Every structure is written in structure tokens, then in C-alpha cells.
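Number of protein chains: 2
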Amino acid sequence: MAQLRIALAQTNPTVGDLSGNAGKLVAWTRDAADRGAHLVVFTEMFLTGYPVEDLVLRTSFVDASIRALRETAARLRDEGLGELPVVVGYVDRAGLAPRVGQPKGAPLDAAALLHRGEVVTCTAKHHLPNYGVFDEYRYFVRGDRLPVFRLHGVDVAVAVCEDLWQEGGPVSVVGRAGAGLLVVPNASPYEKEKDDVRLELCARRAREAGCALVYANQVGGQDELVFDGDSLVVDASGELVARAGQFREELLTVDLDLPVSDAEPGRYPFDAGDGSTITVERLVLSSEPVPPYEPEPPVVAERLDLHAEVYSALVLAVRDYVAKNGFRSVILGLSGGIDSALTATIASDAIGPDRVHVVLMPSRYSSDHSLADAEELVRRQGVNARVVPIADIVDAFEKEIELSGLSAENLQARVRGMILMGLSNEHGHLVLTTGNKSELATGYSTLYGDSAGGFAPIKDVPKTMVWELSRWRNEHGDPSFLLRAERPVPENSITKEPSAELRPDQRDTDSLPPYEVLDRLLDDYVEKDMGSRELIEAGHAPELVARVIRLVDLAEYKRRQYPPGPKITPKNFGRDRRLPITNRWRETT
Amino acid sequence: MAQLRIALAQTNPTVGDLSGNAGKLVAWTRDAADRGAHLVVFTEMFLTGYPVEDLVLRTSFVDASIRALRETAARLRDEGLGELPVVVGYVDRAGLAPRVGQPKGAPLDAAALLHRGEVVTCTAKHHLPNYGVFDEYRYFVRGDRLPVFRLHGVDVAVAVCEDLWQEGGPVSVVGRAGAGLLVVPNASPYEKEKDDVRLELCARRAREAGCALVYANQVGGQDELVFDGDSLVVDASGELVARAGQFREELLTVDLDLPVSDAEPGRYPFDAGDGSTITVERLVLSSEPVPPYEPEPPVVAERLDLHAEVYSALVLAVRDYVAKNGFRSVILGLSGGIDSALTATIASDAIGPDRVHVVLMPSRYSSDHSLADAEELVRRQGVNARVVPIADIVDAFEKEIELSGLSAENLQARVRGMILMGLSNEHGHLVLTTGNKSELATGYSTLYGDSAGGFAPIKDVPKTMVWELSRWRNEHGDPSFLLRAERPVPENSITKEPSAELRPDQRDTDSLPPYEVLDRLLDDYVEKDMGSRELIEAGHAPELVARVIRLVDLAEYKRRQYPPGPKITPKNFGRDRRLPITNRWRETT
Chain A
1 MAQLRIALAQ TNPTVGDLSG NAGKLVAWTR DAADRGAHLV VFTEMFLTGY
51 PVEDLVLRTS FVDASIRALR ETAARLRDEG LGELPVVVGY VDRAGLAPRV
101 GQPKGAPLDA AALLHRGEVV TCTAKHHLPN YGVFDEYRYF VRGDRLPVFR
151 LHGVDVAVAV CEDLWQEGGP VSVVGRAGAG LLVVPNASPY EKEKDDVRLE
201 LCARRAREAG CALVYANQVG GQDELVFDGD SLVVDASGEL VARAGQFREE
251 LLTVDLDLPV SDAEPGRYPF DAGDGSTITV ERLVLSSEPV PPYEPEPPVV
301 AERLDLHAEV YSALVLAVRD YVAKNGFRSV ILGLSGGIDS ALTATIASDA
351 IGPDRVHVVL MPSRYSSDHS LADAEELVRR QGVNARVVPI ADIVDAFEKE
401 IELSGLSAEN LQARVRGMIL MGLSNEHGHL VLTTGNKSEL ATGYSTLYGD
451 SAGGFAPIKD VPKTMVWELS RWRNEHGDPS FLLRAERPVP ENSITKEPSA
501 ELRPDQRDTD SLPPYEVLDR LLDDYVEKDM GSRELIEAGH APELVARVIR
551 LVDLAEYKRR QYPPGPKITP KNFGRDRRLP ITNRWRETT
Chain B
1 MAQLRIALAQ TNPTVGDLSG NAGKLVAWTR DAADRGAHLV VFTEMFLTGY
51 PVEDLVLRTS FVDASIRALR ETAARLRDEG LGELPVVVGY VDRAGLAPRV
101 GQPKGAPLDA AALLHRGEVV TCTAKHHLPN YGVFDEYRYF VRGDRLPVFR
151 LHGVDVAVAV CEDLWQEGGP VSVVGRAGAG LLVVPNASPY EKEKDDVRLE
201 LCARRAREAG CALVYANQVG GQDELVFDGD SLVVDASGEL VARAGQFREE
251 LLTVDLDLPV SDAEPGRYPF DAGDGSTITV ERLVLSSEPV PPYEPEPPVV
301 AERLDLHAEV YSALVLAVRD YVAKNGFRSV ILGLSGGIDS ALTATIASDA
351 IGPDRVHVVL MPSRYSSDHS LADAEELVRR QGVNARVVPI ADIVDAFEKE
401 IELSGLSAEN LQARVRGMIL MGLSNEHGHL VLTTGNKSEL ATGYSTLYGD
451 SAGGFAPIKD VPKTMVWELS RWRNEHGDPS FLLRAERPVP ENSITKEPSA
501 ELRPDQRDTD SLPPYEVLDR LLDDYVEKDM GSRELIEAGH APELVARVIR
551 LVDLAEYKRR QYPPGPKITP KNFGRDRRLP ITNRWRETT
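As given, the protein sequences belong to chains A and B, one line each in that order.
Here UniProt numbering is used: position 337 in the first sequence is 337, and no number is missing along the way.
Here UniProt numbering is used: position 35 in the second sequence is 35, and no number is missing along the way.
Treat the hints as calculated values from the structure; they're not laboratory data.
All figures in this text were calculated on a predicted structure; none of them were measured in a lab.
Treat the hints with care, as some may be off.
Same chains, same names: a pair is fine if it fits in one copy or spans any two.
Claimed, not checked - Below, a list of computed lysine-lysine pairs in the BS3-like style, where the Cα atoms sit at most 27 Å apart: (1) Lys571 with Lys558; (2) Lys104 with Lys558; (3) Lys104 with Lys192; (4) Lys194 with Lys104.
Excised from the complex, chain A in its bound form (with noise of 0.2 Å):
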């Protein structure tokens, strides 16, 4: 057996920043080769960013990434680092042939091994995800190769995120060509309530290669995804060795003893049981164990419960939303109801209350205690705040067109949201718009109203969870949350009955059932895609059954033309569900 010291940089990359994410690249392997590690393991697609979508047909964008790749190779050597392997995703291109179908210019979702200023060897995904978040048949062709280097006597076998979720593949083959260890660099979001698959599955393969398993995940916000991190490794018997925290970046090492190989290098087809060959390409860095050292006892972050999670999940996309895009301030409207509540102190959390404006626009129909409300969470957290009463506004429409019942209450919405915009416009802040997934999904907003904005925080949220995180967030805190007020959600509104406010005594249950009542059906419905008999056996009301159904899929439309907003379950609609506009499918009937 020998001793390796292996690196997990568990970081947020930019998306198309290729200096930025380069530069970055070379400060984490010094910090490495500080702390003594044999082998740096980056994350999926680490230099170009994590997805980059339509960029990757762009034969620029491929050439710059490769460019990148090689250059970052050479910084790496010229800056002293050159004797410390770096594993890290990055674009390349298969060179074939174009035919009908095939994305244009072939790419691969590659990784590459640095050492000594050289790309070492590289390799490519081979099962292309095409589900939920994926859409990588339109972006890559297939890689088809498992490189094994040896690294101070252990032989060490790369693959990409998506091969170790597949039967079959490069990942299949680490076995049988014998590698001591597996490193895999991801790109896996988040998702609440998955369990602990990742961990699961990291064990398995383990397991059936025999050998120890890497897993690098990147963190970070991006547009609708959210990276939690969480990397980690387990031992050839699938047992748990060493685990990074969710969502923060953190570079994560991890002491092993594993097995010693001298077997010839060479390049060997493997059939891999999915109907392809991968060809095993088996190289030597270093053949010499290191000497024997202490290792490091290992660590194992503890895993945040739900709360925690889905609420750090929403402030790092808030955070990295604003940042990416170059944003330094948002806007929003606050109406003292709880949506909006949540919504500024995730923000507040996220960027600091110093760079939060918040708008009261009281109507006619606004109650005292909205304005109350709204005033008391200005006072706690110290966000930027103003009054704009839209009476005026609301009646100068009025006297040009005649609205009445559902077109009037829209108006108000879209008043408001026209003081957003043009507030945004001047000032130069991001709109954040405050609809939760309860209201989305049901299409109780209005659209170029209430979804008038750049990015939704708790557009995936359903109600019951605005309230439950409101109360966490009341009792715990965190140190990257930027926000230090005590309580910084007023208990008015968490506890007050929910209302829209835009008639006289309006209630969200006048339209509505029980939120309670409402998200488990919305759940049954839309992440699980039950049929209408199927809810009606699991337990809904059948007349519920059919209202839901049929403000869901009406609700179809409005949901497209609503702005991105991060993902906290399978499906937070907008661009996730796709669904015919024109379609005559009555799930009902």
C-alpha cells in the first residue's frame, strides 16, 4: 500500500470566465501544495464553467477553452506547481465529421490531467444526461476512453460525473483495469430531499471497482441551478472517509492508503456492457511511493437538516445571481405579507441589507397592518426603504379604459410592477420578484404584474415552506448570511392569513384551498405526474383534484414568461416543465 494526499476543490466557478476561473484554478493548487497534497481534483467543467449550454456550439468558445487548458498547464509549471498533478474539467472537441444531429463541432464534456506544464492525458463523459436539468444530447458527443495514471505507485482512473450515476461505461471498467483509486469531478445540483444518493451510489461503485472513489462536486449559484457541494470520498468498501460542507467552496483533503500497481502501460480496449468499447489508456507520473507520513485525521462536515439547506441553497443563488450579472443592489416590493417578507431577508442575507431597496406601494385596498408589517421588517433589518402609493396611477387608467373584477385587481399588479421596473431602469437595481410555487403553479399572480422581475427567489417554494423557513430563519443563523438582526422576520407576518389585497376583504382562500391542503396535491401533481385517478386514490378530494388540475395546467403560459429563479426540487416550471400551450390533453376527463 501507499499513502496520497488528494486535494477536492470544491469550488464556484463563473460560467464563460475562463481567466477568472483559471486564476482561480492556480491559487487553489498552491494552497494544495501548502497543505501537501499529491493530487488536486477540480470539479466537471471547472474552467469553462458549469452548464455553459449554447456557448459550447460556438467554435471560439471550444478553441478558448482548450487554449485555456493549455496555457493555465504551463502557468501551473511556471509558477512552481508544475510537479503537482491537477485534474479539471474543461470543453473539448471529438474532431468528427459533421452529420445531421450531431451538435456542431462535436464537442466532449472533458477532464484533463495537468503535470509538468503538459496536458498529461484527457478523457470525456460517456453517458450524455438528457433528463430534468440535462440536455447534453444537444451539447456533446460521447467520450470513450478510462485514462489510468500512476501516481507515486497508485494507479489512478478518471471519470465524469454523469458516468458514475450509469450502468456500464468507463466506470464499469475501473475494476477490471485494476485502478487503486477513482477520481470524479461533478457537476451535481442541489435538490431537497435526495437522500443521501450521492453518497449511496459513491459507495456502490466503490464497492464494484474495488477501490476508493473521489467525488468533487462544485457550489455555487447558477442562474436556476444551485451547486451544493458536498463532496466526498469513500474507501474500496464504500465507507464514508472524508466529506466537504454544502454550499460554501472548500478545499476538502483527505490522507489514503491504497494498493500499489506495476502493471505495463499501454492502451486496452474494454467491452464496457453497454454495447461500446472504452479504451483503457495506462500511463506512469511516478512510481515511487512517498515516503510514510501521519496522516491528517479526516473530516467530515456534518450535513445541514432541511431548513438549513433549501434556505442556505436560496441565499447562495440570490448571492450568486446578483454577482454573476453583475448587479450591486436589488429592488422589491414589500407588502407585509410573508412572501415579501422572506424574500428581503433571504436578499439581506445574501448581499446585506445595505444594498437592499424595498418599495411599499399601498393601494385602496391595503390594510393597516400590511403597511405596519412592511415598516416593522425595515426597522430590523435596515434595508433602504420608500412609499409610492399607486391610487393616483391606478385611477388615471381608469379613466382611459373601463377594467372591472379580475382585470382591475391585475392592473394594480402591474402598476406596481411598472414602479419596480422603471425604479430598476433608473437606479440600475435587480428586481426581485416574490411569488412562491404555491401561487405559480396555480397561476395566482399576475403576469407583467407580481412576476415582473430578473430573478424569483422563491419561485420553487412552496407556501407552507415560505412559513416554515420564515420561523427557521427566526432561530438560527449562519456566518455566511450577511444579515445580523435578531428575528429579522416579523412574527405579524408569519402568522396573519394570507391575502392579496387588490379587493376589499380579499383572502388567497376565496381562490384558493388551504395551503396546506394545496401544496401536497401540487406535490402529487407536478413533481410525481400522477393522473387524476391516481391523486383520487392517494387520498385528494376529487373535486380538488379537478379544480388543481385545471388552474395548473391553465397556469402553463403565465410560467414561461416568468423569470428564472433557483431549484430546489425536480421541477420549478418556467423552462423545467414543458408542456404544449396549445394542447387539448384535460387530465381530468
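For this one, chain A is given, so just place chain B on it according to the hints.
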């Protein structure tokens, strides 16, 4: 040789309307029987409509499709049509065990043969397109068979759409299976300037297989897609024999002389040349050739020229979007400029001027000719019109918040959007937006302002083509257009210099290059994915390249929130162009 009369049912299904589509199938089969056809071929997924997107992941929907297929077979028999074989597309399932990444329920893009009240055999698409508008790896699993049924002595093979476009798979087996005819149900969307690729493809495949080929294509608008029909038949030498019209429903019949077969029924595996095995399933409906009869002269419809084709696509798209969504009328803002004039004209042609409502919304910056040109269009077309001045509403906003420059311009556009949305909510009209592709690509439009609405008829039409189509329409008509006016577009709207009129003496060229220059550059950058170096090499001015790329990349966010509109090019923005919003890649650096 034996004669057969084949009927191609070039029809317009509605997604999800299983009973409506089935009813149409029966009616068209009766027509085909009346015309003496021996076989009727409907289009891909005709029974469910195409594309069904996420509906296919619902168990209840796939169940309903399979049930509708069986019921339709029985109904044909019950109505005396059981002897006439029908090939029709529908959704089936493969019955595979679930696994990670496999679409829920393992759906199939299937086609079946109905005869004597039974589903006699079926097949499913083998090559799943996942480029351009197609996402089929997300929705379907692959088929692996090629049914060949003997009809009056002729062996007829059935394959689905994309299988014609790709090498290998079922179509590569047709020749070896000795089929005398290949019939292919399709749902192939329209794209301008595609030349005659479908005919070339059919001719090539017919020659490769050594048999005649029947290509039946869907017609109609389905959200952003427009299917053009253009169904065709080639003989075994690849010569065009018959062709249906474009953008209209048509039952095309053709008489063919085809070889007689006496091969043994049974199942025969073939290596399909793409790593898969395709099972040929040979069965016999009838061996006796039909008695000789006098063939009808073949119908070969003339193809439309570019402008007729594009204009017809837009009219059909608007007509079907309105009808399939259950609207009775549309509303739009009429400025006097060419974009809204063309949009109104398309709408009048699509649903008739009596169902088109226009609103003239002059501001303090509107010129006299704007109102006059708008009024002239109203007079020529006879659409419903009203005038709503916006000055007082804008003043009411400006009393509450201070807006300058672009923020004040956006406010005016948003007030107009709110008026249209208010009238839409109040009276049930569908709001049409009037933005063209050049504006949309460069972000020269206001989010929640002129981009607010339900359908965007000219969102994929560059400004230079907006003028061309307007001139074309003033010179041409078509029996399918519902507007009977002569020269419906006022000449002054076509010839005057374009202006947004959001500030005094504003001209589009204050912010944008001349449209002839801009549109060529947009085509190279957006449709052809050229990088900045390639663009400069192609002759575009370097400073213009830098400026336009910056505009286009920054406008990505706005485009995502734009409503759907008919698609006539590979990329009409919105869902088609997928770029990360937080993204630091700069094509120009």
C-alpha cells in the same frame, strides 16, 4: 407488378385532443375509401398531436393514447371502413424497467397499422432527434423493429420521420427486407430556405432501398412550430411522382405500380449498421393484386416562392394559435409603423378583420403621420379600432417616481402594454405583440412593454423581411387569407423611416445600424453561430461586430421572457437559443 392507390392524409391535429383527432381520422379515411384508396397514411403521432412534450411522461396520457388507437380501429370497422388499412402515428410504451435517465414510462413515438377492427402491427421511431426544436431523448426510448405487411401482393414497410434522416436503423434495412414500398409518417416543421431537402432525402432513400416512398407530413401551427405539409411520393428511382400543397390540409392520392412479393411471413433480425439489430416483422394482409384499373393523373402541387411561403406560415401559425387556445379575437397596438401594420394584416388574414381589435395609443411624442397611417390601415382593412391616449397615465407615474432617458421611454412602452393587457383581461382578446426579430435580437424593445402579450407573430422575421412581406402582401393574395381588402398595408407605413417615437425626433438608426447591414450580421452571428473573427473575415465591419455581439448577448434575458411566436428559421430566440444568463464569455475579447 401490382397497382395500389395510396392516400396521404396531410392533416392538422390538435395536441392532446385524442377524440377530435380520432374523429378526423375516421372522416378522412371515409374520404379515402370514397376515392378508391387501398391504404391511408396519416402523420407522425397524429392521434395525440405532435409535439406532446411533458404530457408523454404522464401514465394517464399514454394509456389514453393506446386506448384511443384500439377504439379507433374498432370504430373504423363499425363504420364500414375496416377493410381499408390505415397507418397512423400515436404514443405507445416499451414496457421497460425504470432506470436513471430513462423517460418515465419508457414512451414510444409509435405508428400502427389498423385493419378489420384490429391493431395489426406497430413500430416506433428508432433515431430520436435531439437538436434544433427536438428534445426526444428526454421523452422517448428507441424502437427496434421494421414491420413489413403484404397488401394486395405488395410488401409495405413502415418507418417514422427521423429514421429517414439518419444513417443506419430501420430504413437501412428496407432494401434487404425486399419491401416494395416504404411509408413514412412525419411531423417535420417548416423552415425557410431549406431548399428542397426533403425531396432530395426521400429520393436518396428510395434509391438506396430500391422501392417507392410515401412521405406524409403534418400541417398546421402548434405553438412556435409551423408544419407545412408538402407531403410527397417518389418512385424507386427517386423521381417525384406526387406532391401535396403547402400550409393546407389535403388528402393526396397517388396510383403506384409496385413489385409483388411472396417472401415468407415471420420475424427476421438484421444488423442495422448503427450498432443495433432491427427485427423485420413480415405479415400478410392480402396476397392477391387488385384488378387492373385506370390510374388517375398524378397531382404535383407547385411550391410557393419565399415570400408566399413565409407569409402563409405566419398566417397559419396565428390562426391555429388563436383557435387551438380557444380565443375568439385578438388585440394589438397600432402605431402607424410597419411592424404593427404587418402584424394586423397577418391577423386579419388569419381570423378575419372583424375579429381583430387595434388600439391607437398616441403619446406626446407621436407624430401626426403615425396616427394618420394607423387610421388608414383601419379604413382599408375594416378592423375594430379605438384610441387611448397615454399622456395622462404617464404623467401620473412621473408624479410618483422620477424617471429619465431610457427609463422614461420604457415607461411609455409599458403603459401601452398594460392597456392592451387590461383590455385583453376585460374582453378576452389574445394580445399580439408586434416586435420583429432584428429588434428582439438586439434588445431594442421593452420588457413588459411592447413585448407584453400572448403570441408574437413576427418575432422570427427580420426587419428587412417585414418590409418585403408587406410589399408582397400588397401585390398578392391567397384563397386561404380571410382579408379581402386590396393593398391592405398603407404605403406610407412601408416607406417611412422607422422610429419608436418614445422621445422627440427619435430614429431607429440613432441606436442601431441600418437594417440591411444589421440583418446580414445577425444572420451570420445568430443562425450560423460565427465567432467575431469569422464575422470580420466574412466582411462585417469590426466595430459593428463588437457592438452587435454585445447587444445580442445582453438581450438574452429579455428574449427568454418573450411570448412564443412562429418559427421560420433555425433560431427564433426564447426557448431556442439557450445561453446561461450569468455568463462572462465575451465573443469579442
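Going down the list of hints, with the structure as the test:
{"no.": "1", "hint": "Lys571 with Lys558", "verdict": "both (15 Å within a copy, 22 Å between copies)"}
{"no.": "2", "hint": "Lys104 with Lys558", "verdict": "between (33 Å within a copy, 26 Å between copies)"}
{"no.": "3", "hint": "Lys104 with Lys192", "verdict": "between (35 Å within a copy, 20 Å between copies)"}
{"no.": "4", "hint": "Lys194 with Lys104", "verdict": "between (35 Å within a copy, 18 Å between copies)"}
Taken one by one, the earlier hints all hold for this structure without exception.
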